[in-house]
Amino acid sequence: MISIYQVAYKNLLRKKTRSALTVIGIALSAWVLVSLLGFNRGYESALNKDIDNMGFQVLVAAKGCPYEAATLMLKGGTGLRYMKQSVVGEILKHPEVEKVTPMLMAAVFDPNKGEEGGISGYLGVDPATFPAMKSFLKFKQGRWFTDTEAREAVIGYEAAELEQREVGDTLLIPEKNVELKVVGILSRSGTQDDGTIFVPLAALQKIFDKKGELTGVGIKVDKRANMAALEQKLYDLPDVQVVSLAQVKQTIMSLVSTAKVMVLSIALIAILIAMVGVVNTILMSVYERFQEIGILKSMGAMPRDVFRMIWVETVILCLLGGGLGIGLGLGMSKLTDLLIRRLLPYTPTGSLIQINGRLTLLTVAAIVVIGLVSGLYPAWRASRVRPLESIRAEGE
Amino acid sequence: MKPRSPIVLEARDLTKVYTRGSEQVTAVDGVSLQVRQGEFLAFVGPSGSGKTTLINLLGCLDNPTSGTLALGGRIVFGDGKNISETRLTRIRRQTFGYIFQKFYLVPTLTVIENVTLPFAFYRKEGSMRDPLEVLRFLGLEKRINHRPGELSGGEMQRVAIARALVNNPEIILADEPTGNLDSARSREIGQILRDLNEEDGRTILLVTHNPDMAGVAQRVVELRDGRLAPEAGSPKAKARRMRIRRPSRLKPKRIL
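Which chain is which? The protein sequence lines are D and H, in order. Each residue of the first sequence is one higher than the one before, counting from 1 in my numbering. Each residue of the second sequence is one higher than the one before, counting from 397 in my numbering.
No lab work stands behind these hints, which were simulated from the structure alone. A quick note: this is a predicted structure, and the numbers were derived from the prediction, not measured.
Here are the simulated lysine-lysine pairs, DSS-like style, with alpha carbons at most 30 Å apart: (1) Lys10/D <-> Lys520/H; (2) Lys538/H <-> Lys10/D; (3) Lys84/D <-> Lys211/D.
Just chain D, with the same shape it has in the complex (with noise of 0.2 Å):
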């Protein structure tokens, strides 16, 4: 026995093309609309994991450029800014600071690195506090120093392959003519690591001559505590600077909303495009059927039976395109993970589109919504058709 359901589904099998042009047209906007929803998730997400890996969330910097990296990057390590160690017990003071990690960073010239030189930068940490802090890291070869005093280097995984050096091997300080023995290569993590050549916090200290000073105080804050009570306390410091790394991600956060707003606009225009296919599709093939509709009336079909059928129509046309979106949405996520890298300034290192059941779901509740509300028209005029029009258009 034959359902509406039925009759509308194979109503979709009469114009097969227009049906497939239609469900193409749904796909697509199916797929920008998880694929977007996914990346909003992923971003956010990737961007965490990047925080996190940092290991702490408050970092203290002599005052000056807070952006201390950015600043060894651009002046080679001229415009690094320093601060007294004392300040480390100062910190510890607080209730709220869990742990805390002294670092210095140092840079010097290398003449021999790339074509014109370049800059090699240093990271002196604290062997008692640092590794402990950064548990999250792996070494591929090796193991940290253990001796603050020790002329010894652990290297981040890309500055290893950069400088070509494993465990055993030395490593000379360009201008300073120190060499440190390699005891630890660190595998790859995603972070700014990779790059890092760490060293001893007070053999770098003697080696560029900055006894008792620090660039940064890397401070892990209790979870329970306050942090933004705890940052302003850390400003009463004098001669610092408080970068929090929630500041940090809530600047990149707002730099990425812009992109994400038009992005946005875009796949609403590709659903609203979508749509009107979809009217349109739905609204022709009433058309070409008033007289078949008619013959249903009289058939006994009430207005809300052919209502439904339209609508089964447009829902099962929206399901099928829906679906295809979201297995483009997911089988494609690499390749738009590779796209949005290339379009944004800055991207985290984790997976941009994550797409879940969650994500899945609401696009498909979406697409059906779309689907209800683009089929509300068609199916209105399809239920309005009068038995005779399917008569009178026979004449006489």
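Assemble chain H onto chain D, guided by the hints.
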């Protein structure tokens, strides 16, 4: 003719006025008529005489401009009654089975699906027909899984008849059912309608301009300019006047 059977349909002063451009066209002009259960009525008349408009009014497919229409004693139109499309649909599907000149089969559905399509909307509980039995009676049992495109015109009209029959309507309305068929196919359809009437006692209203078709009816009503021509004499006399012969039955058949 069964004079004692109850009146199933009664029209009084039924009038339909169309507005065509700036012109008022009175397609049906004060027609009064009674149809008794089991009657087979043929409406004949020249083109433009209003027979299709009349049958549409009788079949509740169109609203009269004025006049009264009652089904089984219940007034559907008239008395200033304003009936909703939903109620009208309910009345139509309980009472009528329609057959049209164009068959209007759904091309994507098979014969059996087309025939059972009315069930998607309505089942006359307790009295619907077994679709396979109906198709067998109409000689379509070998065609049930074919699509309309694979059928001849005569077969398509038989499918349409089967579709009109599955909900066991009291009255069958056939508007030029043979208009698209050759004379052999027309005779076939005429025979089916006659069988349905004689063997099954079904009330049939037929519009045709084919004298042979009108000949299968018991009673022939002639329309001129939207009015009934006086029903002078017996249907046989009238058929004779119109050179209509009631054909002898081809093969006796037990129907539904």
